[in-house]
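Colleague: Please build the complete structure, drawing on both the sequences and the hints.
Residue 13 is where the sequence shown starts when you use our numbering, and the numbers rise one by one after that.
In short, the hints are calculated from the structure, not lab data.
Careful, some of the hints might be misleading.
[Stated by the list, open to error] Below, a list of computed lysine-lysine pairs in the DSSO-like style, where the Cα atoms sit at most 27 Å apart:
hint, residue 1, residue 2
1, Lys85, Lys69
2, Lys85, Lys70
3, Lys85, Lys75
[Unchecked claim] Pairwise CB distance ranges, derived in the manner of DEER restraints:
hint, residue 1, residue 2, range
4, Lys75, Ile43, 33 to 39 Å
5, Trp29, Asp72, 47 to 53 Å
6, Lys70, Trp29, 48 to 54 Å
All residues carry an ideal CB built from backbone N, CA and C; glycine is no exception.
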Amino acid sequence: MEATKFCEFGPGDSATWPPFAGHPHDPRAPIGSDEDFTLDVINDVRGFLAIGEVAAKKGDLGKARYALAEACKSIREFIGEDQ
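Modeller: Written out as structure tokens, the structure is:
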């Protein structure tokens, strides 16, 4: 890449970026399917459990059961069990 009168190199130019360091938000990060989804599933289950807890405290047992069922579904899909 060559600087011209229309474009000078600056901090936003890819020519001036430091080498790739592995940060997940770096646009040069490789996109792969070898990603581990364990933490994502754990966070999803925590969210469903929190929703279920609040619903149960408010007396909405139907919503609480639905949230627990969604948490179970997330876990089963992750570990590969059939329902």
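Colleague: Between the alpha carbons of Lys85 and Lys75, is the straight-line distance 27 Å or under?
Modeller: holds (15 Å)
Colleague: At the C-beta level, are Lys70 and Trp29 separated by a distance inside 48 to 54 Å?
Modeller: Holds - the Cβ-Cβ distance for Lys70 and Trp29, about 50 Å, lies within 48 to 54 Å.
Colleague: So does Trp29 sit 47 to 53 Å from Asp72, Cβ to Cβ?
Modeller: holds (51 Å)
Colleague: Given the hint of 33 to 39 Å, is the C-beta distance from Lys75 to Ile43 inside that range or not?
Modeller: holds (37 Å)
Colleague: For a C-alpha distance cap of 27 Å, please report whether Lys85 and Lys70 respect it.
Modeller: holds (23 Å)
Colleague: Take a quick look at whether Lys85 and Lys69 sit within 27 Å of each other, Cα to Cα.
Modeller: holds (22 Å)
Comparing the model with each earlier hint shows no violations; every hint is respected.
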